[in-house]
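From just these sequences and the hints, can you work out the full model?
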Amino acid sequence: MADSVAQKKKHKHNKNYWREAFSGYSLIAPFMLLLLIFSFYTFAYGFYQSFRSSQGLNPGDFIGLANYKEVLTSTAFWKAVKNTFVFTAGCLVTQIPVAFVLAVILNSLPLKRVQSALRAAFFLPVLINTVVIALLFRMLFNPDQGIVNWVLELLHLPNTYNFLMDSRLTMPLLIIVSFWQWTGFHMVYFVSQLQTIDPTLYESAKIDGAGRVKTLLRITVPMMRPALTFVVVTSAIGGLQLFDLVFMLFPNASYGPGGAGMTMIAHIYDQGFSSQFRLGYAAAVGWVVFFIIFIFSLIQLKAFGFGSNDE
Amino acid sequence: MSVRKKIAGTLLYRFGFRDAKLTVFEWLGIGFLCFIALIYLYPLIWMCDSSFRPMFEIFNVPPALFQKPIWQSVQSYSVSSYVSAFTTHNVGLAFFMSIFVTCAGIALTLLVCSLCAYGFVYMDFPGRKILFMVILGTMMLPMATMIAPAYRVISKLGLVNNPLGIILPYAMSAFGVFLLRQFYIRIPFSIVESARVDGAGHLKIWWNIILPLSRPALAALAIVQFRVIWNDFLMPMIVLRSEHFFTLPIRILLIDSINYNKPYDVIITAGFITALVPMIVFLIFQRHFIEGLTGGVKE
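If you read the protein sequences in the order shown, they are chains A and B. Going letter by letter, the first sequence gives residues 1308 to 1618 in our numbering. Going letter by letter, the second sequence gives residues 71 to 369 in our numbering.
These aren't lab readings, by the way, just hints derived from the structure by calculation. In this text, a Cβ means the ideal position worked out from N, Cα and C, and glycines have one as well. A few of these clues could be false.
Listed below are several chain B residues computed to face chain A (Cβ distance under 7 Å; list not exhaustive) [said to hold, decoys possible]: (1) Leu103; (2) Met193; (3) Ala218; (4) Asn301; (5) Phe352.
Shown next as structure tokens:
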């Protein structure tokens, strides 16, 4: 990376240096101000709030670690954590392999226009508001008039599932809808990364007599490792923050039958905004969830060997 | 006959079938992929089809589209659910609010992020590297965990029930600063230096030279922000209180909360409008979309 400013290093005691530095600060000031207020101050305020019994606009009193104690001993919270991790794991194992295989197939298509048309087709769901997707699938999975049970009937499969009201089907349902929404996104990313692989690598593999499978495993997969890491880590972070889908998929913000689809962020919203407005408790949950996501991301990056070699 | 042949020939040529010599196996594979894509997109086709149908046809099994040949099936199309969406359910106002919030959010993001990136690339000041690392570090922060304090901070600023309360946080895009910086460091430094020698100020250089040169990067960032802001749900739901400020997703939530005689036709229509806008933008700016998606990480 060419560091353009380093080339013209000035002396710090020079009057011009400080004038220049001042205008530098004023250029980054608007962004830094927003970052200060809506990120750092928000996190700090959340920390302060998490020790108080804040409710709605009432700041409440200092209650020590009571909120944290309540979070860590709450069965509802740990159920939400479990749900969220089941959802995230389900998404990762379904979406990433399918997206990868689809990307390899699309990339090998000889017709470039068909390739880009298909790529656009699979990308479309990514553009759509999750609220709309959730309502759409709520209608498609409708037990009596939904198209899913109709298709099951056509295939002579049992078609009496009440998808939205069966708590055993809540997680699979969320994973299916999420699969529809995000697989195309990962695929497009993989395709654009596949196109950066040097074609001479494949040519020399061909000359050496390597078969298709061997080329895939020995060249494509290792070359795609950074892209795979990126997609796995970002989609895990996204999955752990699931809210919109589970909030809208089930009617009346019920988070599934008996709250079977309750997630970590949904728990925060439910406690902080939906009935009792317990903002202090919600802030404590927020900090616990933040740490869970943070530690999980670190473990993931470590597992992929991020930072150990030249990446 | 000959016209038909010509059209078929043009189509084949347009999609590149002419030059490619494919085996039967490859033809079957392409056909299969197209079939899968069609099934994959069926929910969208259903939504588009249903938005034009009367309520009693929406939940038909088999779907109304397949009950008759297509030219007979579309005869029951009408725009009545669009009319009731715009007249009784105020979807037009929500559409306007969504457009307003999105445009304002994108404009502010481009302004704030490009100024910031300019400062980091072309100027020297103590703490430059550390501050940039700090910005990068905030890129992956899960802000959704902090909705409780965020609500209090926004209310302390007096911005609850004010579109600014959601527009200002959108502009805080660390990804935007990163993307633009990656672009700016590839612009030859001599351009800026010679403008400095000619006596131009930094703001002038930023506005007259750097912004026009970085148009592709700005477009990519605008597209990324468009998708994020247009589809945002959680923060607008918390911050916006009065109905006349509701953006499209919040308006849809409001319509969906009607439990007696739920107007499914209006929900589908409003949903289709909400989905259509980003799809049109995508078809126009497809290249920028992919660039925005991948550009930031290529380095």
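TODO: Find the hints from earlier in the document that the structure breaks and name them by number, from lowest to highest.
DONE: As far as the earlier hints go, not one is violated by this structure.
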